[in-house]
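*Asks:* Listed in order, the protein sequences are those of chains L and V. Position 241 of the first sequence, counting from 1, maps to 241 under the working numbering, and the rest follow consecutively. Heads up, the working numbering is the position in the second sequence plus 271, with the first residue counted as 1.
Keep in mind that the hints were calculated from the coordinates and are not lab data. These figures come from a predicted structure and were not determined experimentally.
Label-pair restraints from in silico Cβ distances:
hint : chain 1 : residue 1 : chain 2 : residue 2 : range
1    : V       : E299      : L       : A16       : 46 to 56 Å
2    : L       : P25       : V       : F659      : 54 to 64 Å
3    : V       : D614      : L       : V122      : 47 to 57 Å
Non-contacting residues of chain V with respect to chain L, defined by C-beta distances greater than 12 Å in every case (computed):
hint : residue
4    : M472
5    : Y527
6    : P576
7    : E676
8    : Q737
C-beta: ideal position from N, C-alpha, C; glycine also.
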Amino acid sequence: MRIPIAALIGLIFTFAYFFVAIFAPWIAPYSMAEVVSRDVWLPPSSEFLLGTDNLGRDLLSRMIYGGRTTIFIATAATILSFTTGSILGFLAAVLGGWADQAMSRFVDLIMSIPSLIFALVVLSVMPVTVPVLIVVMGLLDSTRVYRLARAVAVDINVMDYVEAAKLRGEGRGWIIFREILPNALSPLIAEMGLRFIFMVLFVSTLSFLGLGVQPPQADWGGIVKENADGIVYGIGAALYPAVAIATLAISVNLVADWILNRTTSLKGGRG
Amino acid sequence: MSDTLLKVQDLKIGATVYPPGEKPHDIEIVHGVSFEVEKGKVLGLIGESGAGKSTIGLASMAYGRGGVKITGGEVWVNGRDILKTSNSDVRALRGGEVTYVSQSAAASFNPAKKIMDQVTEAAILQGKFSKKEAERRAVELFRKLGLPDPENIGNRYPHQVSGGQLQRCMTALALCPEPDLVVFDEPTTALDVTTQIDVLMAIKEAIRDTGVAALYITHDLAVVAQVSDDILVLKMGDMVEYGSVDQIINNPQEEYTKALVSVRSIEHAEKTPTPSPILKVQNITARYKGTNFDVLKNISVELHPGQTLAVVGESGSGKSTLARVITGLLPQGNGSVHFSGRDLSKDLAGRSKEDLRELQMIYQMADVAMNPRQTVGTIIGRPLEFYFGLRGAEKRKRIVELLDEIEMGEGFIDRYPAELSGGQKQRVCIARALAAKPKMIICDEVTSALDPLVADGILKLLLDLQKIEDVAYLFITHDLATVKAIADSIAVMYQGEVVRYGGKTDVLSPPFDDYTDLLLSSVPEMKLGWLEEVIANRKMESAGN
Chain L
1 MRIPIAALIG
11 LIFTFAYFFV
21 AIFAPWIAPY
31 SMAEVVSRDV
41 WLPPSSEFLL
51 GTDNLGRDLL
61 SRMIYGGRTT
71 IFIATAATIL
81 SFTTGSILGF
91 LAAVLGGWAD
101 QAMSRFVDLI
111 MSIPSLIFAL
121 VVLSVMPVTV
131 PVLIVVMGLL
141 DSTRVYRLAR
151 AVAVDINVMD
161 YVEAAKLRGE
171 GRGWIIFREI
181 LPNALSPLIA
191 EMGLRFIFMV
201 LFVSTLSFLG
211 LGVQPPQADW
221 GGIVKENADG
231 IVYGIGAALY
241 PAVAIATLAI
251 SVNLVADWIL
261 NRTTSLKGGR
271 G
Chain V
272 MSDTLLKVQD
282 LKIGATVYPP
292 GEKPHDIEIV
302 HGVSFEVEKG
312 KVLGLIGESG
322 AGKSTIGLAS
332 MAYGRGGVKI
342 TGGEVWVNGR
352 DILKTSNSDV
362 RALRGGEVTY
372 VSQSAAASFN
382 PAKKIMDQVT
392 EAAILQGKFS
402 KKEAERRAVE
412 LFRKLGLPDP
422 ENIGNRYPHQ
432 VSGGQLQRCM
442 TALALCPEPD
452 LVVFDEPTTA
462 LDVTTQIDVL
472 MAIKEAIRDT
482 GVAALYITHD
492 LAVVAQVSDD
502 ILVLKMGDMV
512 EYGSVDQIIN
522 NPQEEYTKAL
532 VSVRSIEHAE
542 KTPTPSPILK
552 VQNITARYKG
562 TNFDVLKNIS
572 VELHPGQTLA
582 VVGESGSGKS
592 TLARVITGLL
602 PQGNGSVHFS
612 GRDLSKDLAG
622 RSKEDLRELQ
632 MIYQMADVAM
642 NPRQTVGTII
652 GRPLEFYFGL
662 RGAEKRKRIV
672 ELLDEIEMGE
682 GFIDRYPAEL
692 SGGQKQRVCI
702 ARALAAKPKM
712 IICDEVTSAL
722 DPLVADGILK
732 LLLDLQKIED
742 VAYLFITHDL
752 ATVKAIADSI
762 AVMYQGEVVR
772 YGGKTDVLSP
782 PFDDYTDLLL
792 SSVPEMKLGW
802 LEEVIANRKM
812 ESAGN
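Just chain V, with the same shape it has in the complex:
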């Protein structure tokens, strides 16, 4: 038993909720969770949003976010129950024995102070090291985490390093005071997929070399499989399954775990191109006002009726800009957009109502894509009214039909967006686009803000709707797993250029160019030892390095 570092027993956490129109009341959000972490081991906490992962992670520092109270159970760290010790003891624990790495490093660093000062602050404050020792240790950690120029990077300010580097700096910050336990709260979720593997590898090596124990919180089972020894699957504050990585990935017992493991396994056979594409983008060049840099360079792609063209690339590759040019929000410098047998005007104002109706768009953040003061009925009904002049009972009938098509039903017609879940919101946005009976829909990262299981549901729905409505999708994403699931043809974008373009099978078959190889190999796979394999075999370093 002496090896047990963290022991959580029957942990119960409550929170106060403020439902609109009702009295605030307390609910339980974590219902009796128990687990153990041994010295030098990594436990992965996995679940969808609302599962209580972060709450449990913070509870292991005896901390509850605003409105959250630990209502029962025990949390033992190094042989004492930290829920019952004095405040000064808890103060010594946080930032000393237990440290924390958050999801957004950019939001966690103080932009006004140099990285070195922030990395060493806790260690000095806790009296573990002198300033000199702490700085020496920080440099050592920078080197271990693979940061460029480890001696001097600490003198930079947070905005002077890239996102992936900053996330590694934060890991150094957490490791600097020689903690016994580090809580990693979705440390790679906000990063590009190619950057993610480098950070993941750095974290994994740092954990191994320093011998700390860790709680690794994420919603991505494929990621957690790479770094953990054990996995705890959570759902709505309940323990679903707890076991070794090998058992969870290769032999899951519970239905929910099985669903998580088999996520992203949608199969979609590639369709052959038709003679007349619905969308033909030719030699598009575009730049933003007031800049002299082309965000898009000579882009040419085609999309065929009833098919899906996936545009893939990292952030900054210009894929969303391409969507803005096609919709007319950003007039192109050169080139033409040929749509449905006619040339589209560069400018939104020059397009006919019919042009607008046939080309719809679905956004990444369904939250802000719907007016919070309009009901679902108004949101879906407006295009019907606007394009087809439907009114009254006729309009309502069509709204209900659309709600049925997105598998939601009439009961939602009077709800406001705030009363819907993330997946439901995205479904309503899909219905709004379909209401216009478009020939083509631009889907801009429509699943990237959703939990994997919910995202799967949305992708299946989009595929089904494509069969029924014969609509073409221009699907913008950074997630290659999504692309494999739904695309007929693929355009890989890198720094404003299309580096690879063609049918799905062709694009995804070797020989690859270096960038496509990097992108493809960076998609986490539900396989043990995948991370090491990728790092050993890839041809090109990610942009973050």
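With the rest of the complex left out, here is chain L:
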């Protein structure tokens, strides 16, 4: 099997980020919140590979633990938004009629409010913990997935093979999971890559605004916020998490593109 070079680069970076996120405690040279130096914003050295942050903590360790938090939250929220969004979307397409109308108009209602503002309002009244963040982000984003899943499923639902399944007497479960889902998978997977990136940006934005991950726990958005003042003095500590977010976004996109290309063949995705 030949992997195109772009996809290969994407795969390597994505894999590396997830590897580091999973094994953070073994890879990071210092612990997450340990103050290791009296001097803040030290430049990179052999002792502190990326220097120190605004409180004299090791920046590399903060980055590694921060990546762990960001990627975990983004992944969990993506999975939540895809399960909820696609199942409800498929259901709306299969049921049709008033059930479809009710769900779709409710989704329109939520989508008419900018999700960042919606999240800020919700998080300002709720306790900001990681599970709450995941649920809020996941549910808000599931509206987008719902839209896509419903649109794809409406097209598939009128195909003769779905009609044949209905005439056979199949239940909704079979029709959704065995007839519609396999055929809707490739646009959904490609979208999944994009939604994951959106989640990374979303959680980083929330943390940057102070309503996301709470200190001392590290996450990329939070590290940007903590070190943002340094930019005025020509200290680039805030740029590392920014670069990490950008490279992760690009590599996941490259992988998603490749998957989309491979699964559009009609051979059940084997081609």
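Chain L is already provided as a structure; the job is to place chain V on it using the hints.
*Replies:* Just chain V now, with coordinates in the frame of chain L:
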């Protein structure tokens, strides 16, 4: 030699293929084809899909569709090799000297522009006529092609005329720049059989009156026999036989040509009705949601066990709607469906598993009737699992039995639909229906998307299976030749009503009502001069006129 307009010599055409899981590579799809067309003559190109007919037709305009390259040979038009001339010369050729009529006029016209502007566009662009002259010529052509109100029809938009009329407009478009050669690519295939003969006659007269030469591409030998002087039979990019119409139809030499000529010659003796019909449709009326128009009006038909009822009619006659009512997809307004000794619920949701099992359906487009992500084994195996609870080895054994019954065999069990040919796909759909051990199968135009020889194979298979499984067919079709081949009784539908109903012999024997007469006489016959005979003798004009 001065009369030769188009001369194709040893034409070779290649294409790039992208087989799943393999590297793209080039293959040859036309292997050295040679023929000539004289001025004012018509050459019919005939063959099944994949024979290379359209590709050769387009090559005579020095054009290859996406991914197709002309790799060798010569194409001479008016004494010059158009494969070797400059781009500007080719531009003058296309739409000027050589024009093209495609299969689907509806897809070829720009819906946003008036017909007149599109018909005259090429002639004006090529500098052959001024706008005024071109429009005068277009009106003349409209009249010649038998279009209603020729002075004003050009002011309409494409959606404001019928399919048959639009196809004639397209012929006018092709003839407008006074070309030397017109390529007709299946111009009547998408039309109803009764509309087809009018368009065919119009094309034939227009060719005769304007004296152009033509390439007439079709898969229907009976059609090409009506309009051509010579016929070239193609198969998989190879020349099979090349000769005059008379020779090809009345004295074919090659086996393949003989098979094409004798297609639709299945014989089936009518069975007598039994005392207890399996299906009894009584006084059915139906309309679609949100409309106040009855698509079906008071329909009553019966089907006897192990027999075939053919429902015949043009598109829009309500035959597929009847199938939807019987299957429960469209609840009827009035009337009842009595099946296998019980009344069926109007609604699909109200039917028992047994009701559903005993009444199966086969679709026109086998392509979309099978989930592309399921293997043949899953497709055929699901009804076995669902209705009979078969699992594992037992299920597999039955799947293999069914695959043998449809003459395909175990080797296909792990294939995906995309890896099957059109005929094989339809066979798998038949196996899926049979897997449920039904008492009755609704066949909705099951052969109309297939090549004639493949369709013949499917019909033979259905007849054989009927003998083995004793299943009844409700056979929906617009093709009377198919009906003659397999039906025991016939219902002719016209605008939502059954206009003629009874045993096959009775329905197909005179005296006819006007519509049945039109329908019967419109089926192309493999006979020279048939077209003129029909036009002279019929009692009723087709809906397209």
